[in-house]
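Q: Here the protein sequences come in this chain order: E and Z.
Each residue of the first sequence is one higher than the one before, starting from 7 at the first, in this note's numbering.
Each residue of the second sequence is one higher than the one before, starting from 2 at the first, in this note's numbering.
Among the clues, some could well be false.
Said to hold, decoys possible - Simulated coverage check for chain Z against chain E, where a stretch passes if three residues somewhere in it have a Cβ under 8 Å from a Cβ of chain E:
1. 52 to 59
2. 81 to 91
3. 182 to 191
4. 195 to 202
Because the hints were derived from the structure by calculation, they are not lab data.
Just so you know, even glycine gets a beta-carbon here, dropped at the ideal spot from N, CA and C.
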Amino acid sequence: MSTDTAEHVDSHDEAHDHPSDRKYVQVAIILAIVTALEVATYWMESVPGEILIPVLMLMMVYKFFYVAAWFMHLKFDSPMFTKFFVAGLILATIVYGIMLTVFEFWHKG
Amino acid sequence: MADAAAVSHGHGTGTGLSNNKLLMWTFLGSECLLFGGLISTYLIYRGRFGDGPAPGDIFDIPFTSVSSFVLLMSSLTMVLALSALQRGDIRNNRIWLLTTALLGSLFIGGQVYEFTTFLREGLGYTTSPFSSAFFTLTGFHGVHVSLGIVMLMSLLISSFRGTLTKERSETVEIVGLYWHFVDVVWIFIFTVIYLVPSPTS
Chain E
7 MSTDTAEHVD
17 SHDEAHDHPS
27 DRKYVQVAII
37 LAIVTALEVA
47 TYWMESVPGE
57 ILIPVLMLMM
67 VYKFFYVAAW
77 FMHLKFDSPM
87 FTKFFVAGLI
97 LATIVYGIML
107 TVFEFWHKG
Chain Z
2 MADAAAVSHG
12 HGTGTGLSNN
22 KLLMWTFLGS
32 ECLLFGGLIS
42 TYLIYRGRFG
52 DGPAPGDIFD
62 IPFTSVSSFV
72 LLMSSLTMVL
82 ALSALQRGDI
92 RNNRIWLLTT
102 ALLGSLFIGG
112 QVYEFTTFLR
122 EGLGYTTSPF
132 SSAFFTLTGF
142 HGVHVSLGIV
152 MLMSLLISSF
162 RGTLTKERSE
172 TVEIVGLYWH
182 FVDVVWIFIF
192 TVIYLVPSPT
202 S
């Protein structure tokens, strides 16, 4: 009986951990605003690439992790899921960072 | 049935986590390597357009921005579909699943339009190393979105058959993980391929 109750409470806790629909809409609005800012940079021709590219990369990384945290529930789920995903992400970054270096991508700007 | 649902939620597993979710996250981690390779190849070849059209001359940023926005909003509808099912709201779950599939189809329609426009302007798959890398990367992403639409339609069919219930909401969550991943990959592609200033001829 007590085990049943504990499992019942567990499953309810899991459900309560996820945000409300209102929160999801708020997250989507923030993502839409960041996307609009990204797109706006297309018409800012006077901004030099040395500033524009890092700003675009920052906004991209912010959107990436914001979607992963809220929509993919990494913020609420077990850290083990994050570790599995981030392991692939880090491995890809290292492998292709080396590949781009070998092909002298950074020298070409 | 109840036991299967318990195991899928991680109550009967060695890690205490859902094996299905763990498998999907591992798969998504490996997908980072696939798309990392395709994006890196594009970056290396984007300046090698030869006599063909250059990326900076051919990309239609306003059009692709709308497509990107559509895909981003499909992530919202996907998460709303999951939320509805977790509440036991089958009707709204179906509505949001269908909306997500329609938004995904709209994105694919946009990609088909973009590809045919490029072909008409002289950018074929073998025109230059740039075109091959571009079509391979965006084509692979398009195939992923299309597979996601097939999964969403399968969920809808399951729902109408009465097998997609609140107890089996993890199935929607796992398809949702795949869908959101396809969205975050596009977040990368959109910025790196389209928004970062490209070479012009």
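Q: Each hint needs a verdict: does it hold in this structure or not?
A: Hints, verified against the model:
| no. | hint | result |
| --- | --- | --- |
| 1 | 52 to 59 | violated (count 0) |
| 2 | 81 to 91 | holds (count 3) |
| 3 | 182 to 191 | holds (count 6) |
| 4 | 195 to 202 | holds (count 3) |
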